[in-house]
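Enquirer: Chain order of the listed sequences is W and E.
With the numbering used here as the guide, the letters of the first sequence map in order to residues 1 to 422.
With the numbering used here as the guide, the letters of the second sequence map in order to residues 1001 to 1247.
Just so you know, the hints here were simulated from the structure itself, not pulled from any lab data.
In silico DSS-like pairs for lysine-lysine, Cα to Cα no more than 25 Å straight-line:
(1) W:K351 - E:K1103
(2) E:K1067 - W:K113
(3) W:K79 - W:K113
(4) W:K113 - E:K1103
(5) E:K1213 - W:K351
(6) W:K166 - E:K1067
(7) W:K351 - E:K1058
Small disclaimer: the values here were computed from a predicted structure and weren't measured.
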Amino acid sequence: MLLFLLVGLASGRAQEYEFDPEQFTRKPFSLDGYLELKPSFYRLNPDSPFYKLSYYDQEPRKSVGEAYAAFLGDFSYRKGVFEAFLEPYAEYTLSPFESTAGIELFQGYLALKLSPSLTVYAGKKTLRWGKGYAWSPVAFVERPKNPSEPDLAREGYWMLTADYTKSFDGPLKTFSFSPVVIPVSGSLNGDLGRNGGLNFAARIYVLFLATDIDLVLSAGKTRPARFGLDFSRNLRSNWEIHGEAAYYRDLKRQVARPDGTTGTEEFNAASFLVGLRFLSAAETTYILEYHRNGQGSNSSGIDAFYSFVDLAYESYLETGDDARLIEAAGLGSYAGFSPMKDYGFLRIMQKDPFGILYLNPAATVIVNLADGSASWAPEVTYNGFTNWELRLKAAVLTGGPGDEFREKRNRFRLEFRLRRFF
Amino acid sequence: MRTKALFFLLIFVSFFPNLSAQDINGDAILAKVDRNLNPESFESYRKLVNIEPSGRTKEFVLYTIKKGKDKVAALFLSPASEKGRSTLRLEDNMWLYIPNVAKPIRITSLQSVVGGVFNNADILRLDYAAEYSVEKTDDLESEYVLHCQARTAVVAYDRLTIRTDKKRLVPLQIDCLTEAGMLIKTLYFKETKDFGGGIVRPSVIETESPLYKDYKSVMIFAGLKARQFEDEVFTITFMPQLDSLRR
Chain W
1 MLLFLLVGLA SGRAQEYEFD PEQFTRKPFS LDGYLELKPS FYRLNPDSPF
51 YKLSYYDQEP RKSVGEAYAA FLGDFSYRKG VFEAFLEPYA EYTLSPFEST
101 AGIELFQGYL ALKLSPSLTV YAGKKTLRWG KGYAWSPVAF VERPKNPSEP
151 DLAREGYWML TADYTKSFDG PLKTFSFSPV VIPVSGSLNG DLGRNGGLNF
201 AARIYVLFLA TDIDLVLSAG KTRPARFGLD FSRNLRSNWE IHGEAAYYRD
251 LKRQVARPDG TTGTEEFNAA SFLVGLRFLS AAETTYILEY HRNGQGSNSS
301 GIDAFYSFVD LAYESYLETG DDARLIEAAG LGSYAGFSPM KDYGFLRIMQ
351 KDPFGILYLN PAATVIVNLA DGSASWAPEV TYNGFTNWEL RLKAAVLTGG
401 PGDEFREKRN RFRLEFRLRR FF
Chain E
1001 MRTKALFFLL IFVSFFPNLS AQDINGDAIL AKVDRNLNPE SFESYRKLVN
1051 IEPSGRTKEF VLYTIKKGKD KVAALFLSPA SEKGRSTLRL EDNMWLYIPN
1101 VAKPIRITSL QSVVGGVFNN ADILRLDYAA EYSVEKTDDL ESEYVLHCQA
1151 RTAVVAYDRL TIRTDKKRLV PLQIDCLTEA GMLIKTLYFK ETKDFGGGIV
1201 RPSVIETESP LYKDYKSVMI FAGLKARQFE DEVFTITFMP QLDSLRR
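Bound conformation, chain W alone:
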């Protein structure tokens, strides 16, 4: 009996450490992705300009509950040096205001992997340039990043691009060159310009003296020239520093004027970002960034926009004509994620607090340094169940009347996000 138990224990132990890598043999076809459910509660701000722009034709509400469902899939097929990749994204929002559904192809390209040094891509692809966590001024060929959710997948652009890489011994370890051709025609990359034409961009990356450095530029028929550089470097085993600088020429934007009219503004702009990432002995990670947004509006510009919206809303209430509100909604430079000039960002993440594995509380603060308004967002994520991720997140927006975060659509948000990976 004792012998039986010992043999049983021994075989159980052998089982514990059994690992057969054959089941992970590479297959030509793969399908991965996630399904997401996200119920949310919003405490709304009906007096704010952005609420009026969004819901002027709806019954005013002080709060609303919404539910959001999404699917992101990654399909790939590989044969020899070829790879085909598709990344569709589908979403559905259930809301008392308006329920919406949509499907987008985030990425869809063919890759020709000629060697470890050279790969050519043709199709719709996401390029992520820059070292900033919350913002990336040098991200010339990507859609805007939400500093509150910078890790979310985003839609790419149709392009022809390649990566050529060479490694060396000595202080220069890596050199990489990535040229990009982006056609614009009708609905093809339509948000890069109204008139058709070709745009070009390029990135040179080097790993030099243990520092990542990128030189980037972009120019073309529908987008004026812009160029920039970024860097990232570990100072110690728990310190990282990064930065970006970009210069944009001949920018044009529609602006609201203090007299209640709109006009076009042409200007050059310089933006930069500096940031630090620090890991403490208690395994708390701090990410701190300062962003100077050269394309942003100053306080008088944003005040003019708020006045424009108020007048347009009053006009709508009196006449029922929403043309001015639609015109205001078209002034996109005010509605972006970071429409003003000076921002600070701090994110604090604690790994496995109180010895609870896979529990990751975090807090993110985004501050408009000009007016002192801010977004405060505590969250807690748990991914201890294999292939499940649970996240509870709140966001409180603070500031005085007329300040950026005070004038957003909502003042408070509470959401629970459930993701199932497959």
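Dock chain E against the given chain W, drawing on the hints supplied.
Expert: For chain E alone, kept in the frame of chain W given last:
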């Protein structure tokens, strides 16, 4: 002439035990330990198991490649929530690539991309001799005990104490310590296995840490074999393509 030779031989033999003790070259032993653990350039599969005090486990499977003294990369194959993530180490530089984020970000050796007791330095380990020099060697009956000091300030652990099997020159136990001598974690090397190609080494590393009381992490090796790679494979540009190396 023969008398003279015999005289010198007697002198040599009489001093041999002393010379033997003094001539133990800890750095040479450490270099040999590295080569016995794996070829300088190789590929392997690893399963990481985090075991909680309740007995609940979470598993990760990684494909790992290494070249020379300073290049190592790992690709997560499982679970689905981590699949496609890759990590790269080039000397003391480390990056993490997450498919949805789609750009490599710098990480530090002390962070952990999997949670639990293993950190990035454990997952992207270079040769011990590349990161540590041996300050003192204890010559015990069946073991060498190598007291190692980090060569630079950017490695994860300031000091290592490596208990080494004297006969096979593979680690039995490694204590990872701070500069002040505080124990951060202990690695236990177990279940020696013949991987083929002359590689005979422990196939299991169990890890415990006083910082994670009652938790345990286990690393199980399989498919370890020598393989040569081009240098360009170990660049941040190639991180999204690591899977293409698997056969």
